Amino acid sequence: MSNKPFRPDVDAPEYKGGYSPYDIIKEGTIAIVIVAMLTLILAVFFGSPDEKAVTVKSWSNANPIDFAQTALEELNGTSGTAGYGAPYNHAAVGQKLGPLTLGKWVGVRIPINTVSDFIVKPLESQPALPGLQSALAQWNGASSSTQNGWVTSYTNAAPKMSYTNGQVVVNATNAGPVPVMINDLTQMARSGALDQALITGSGYYTTDYTKPLLFLADSEYFGSLADKQHLTGSQWGMMNETGQYPGQAWLWLYTFWYQIPPFNSSANADVLIWGMMMLLTGGLLLIPFIPGLRAIPRKTKVYRLIWREHYNNHE
Amino acid sequence: MSTTEIDRQWTTRLRKRATGKLPPEKLLPDTQPIYVSSWIYVFGVATLAALIVVIGTGVILAIRGPLWWHQSFIGHFVNSLHLWSVEIFFFAMIVHLWGKFFMGAWRGGRQLTWMTGVVTFVASIVTGLTGYVSQTNFDSQWISTQAKDGINATGGGAYFNVLNFGQMLMWHIVLLPIAAVVLTGLHVLMVRIKGVVPPYEDEKKVA
Amino acid sequence: MSWLGSIINLDGYGHYLHWHFILVSVGNLIVVSLMVLTFLGALFLPFPGKGRRKENR
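Residue numbers (the working numbering), protein chains in the order written: chain A, 1 to 315; chain B, 1001 to 1207; chain C, 2001 to 2057.
Possibly wrong hints are sitting among the right ones.
[Said to hold, decoys possible] Derived lysine-lysine pairs resembling DSBU-like cross-links, with alpha carbons at most 30 Å apart:
{"id": "1", "chain 1": "A", "residue 1": "K104", "chain 2": "A", "residue 2": "K121"}
{"id": "2", "chain 1": "B", "residue 1": "K1021", "chain 2": "A", "residue 2": "K16"}
{"id": "3", "chain 1": "C", "residue 1": "K2050", "chain 2": "B", "residue 2": "K1194"}
Derived from the structure by calculation, the hints contain no laboratory data.
Please read all numbers here as calculations on a predicted model, not as lab measurements.
Work out the full structure, taking the sequences as your base and the hints as a guide.
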């Protein structure tokens, strides 16, 4: 017989009271019927959202200058993807959790070279277009320092980019084949051919949209659509849904940290917040073992409401 | 065969262990303690019921494939059913969590019941994420391109690629439902094995 | 474009409430309020079957 002291937050008193009849299967069946009916009513009344997917085609037609500017960023290495780091490339160390660079340690497992994957290879897949063949030959035949020189010249002139008569126009000198490449890529995008080239590069039946999604995510256009729907990080976007539909309210605490200092201006926000949420989730998991936390229910006495009939019977 | 030989068989040992821990009267009881007298107790079974509707509507969506619901009125309606049953699922689960916390439901050796519940909660969130990125619409595009940053920062993005629709769909309809059902099953079995937690001692009586 | 099979069309742009750094959609606010009300209701509302439980005390 154990003489261990009774710990009210860990142990449960032995129940010596009465039992009444209980039909567990009936209860389960009623629950399913009620929940199914409630689901039906909500679906009939409110439906569900289905905002059409954005394509590179729709993006480049809606805002060809944003497309061309993003394409330039892929070429000059200043886009989000080009400078991302692991798992796509070695361009950056990536986020740090204290001294830990978790992403970098795992390494580049989804290699993306924005110059070849987003610009050169898609252009090369186009059938012979006037000017494009020679532009690509000029690009591929040049040294990387020559290529960089062309790109820099084009980049310097790009703030004055215009879109005239369906053509991307940048008045750059010594930009080599870059103006043709950017303009032809824009036309390719507007036709829908770039959407295809970005995915079927890895085979006919690919279901992997990494490349077109990364390209899209590098644009201002995509972010502006999300901003209108209050879906961006600084708008508590993680818990929101398009339109007026309720979203994912259960993510409130995850998205909360992104709204406040120091996280809202930290380059390591994602990994810091993930680390914090792992700790808090661990805390939730281990409540039964944490003195103080596990005493809250007993101290707050909400249980006296739940079991009031039981306590009334015994008084 | 001798009795001891039969007793030593894996099958016999497993059966005796299982029926010892969970005899039929405990698995499917016909009485319950009279302190179970509050509406808060319905939210566990409501969560379970919602999970069944989520899976059922998911099965119907699977029959016609992931693009059906964009093209068909009935498909869109089934998608709506799937969305709202998920909302009810999380609603009920969280009210259930609040109730169980205030009941100190881990007491009396029920720590594993609590812990399986929390793990199921986390698994449900991941299942929801993979569902959202499998919708094949603007929502999927935005959620995946955002979520990738959090996941990449942990190193997980190298293997769990939210931009890879094929991978995400298979996690959503195969791997995670299996995990959710197994975890929910363990959680419910734990409740049956240990019983519903008794009330705290009446401090007024003790005083 | 979502099908208009639903009686109340929730497409378009949502309504958001903004207070300092807190930004919450009306949809989410309704859901969370309902959760809190449901929890309180579950705690306070009387539960049927009192007589039967009294018999078996």
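Outcome of the hint check:
1. K104/A with K121/A: holds, 27 Å
2. K1021/B with K16/A: holds, 21 Å
3. K2050/C with K1194/B: holds, 25 Å
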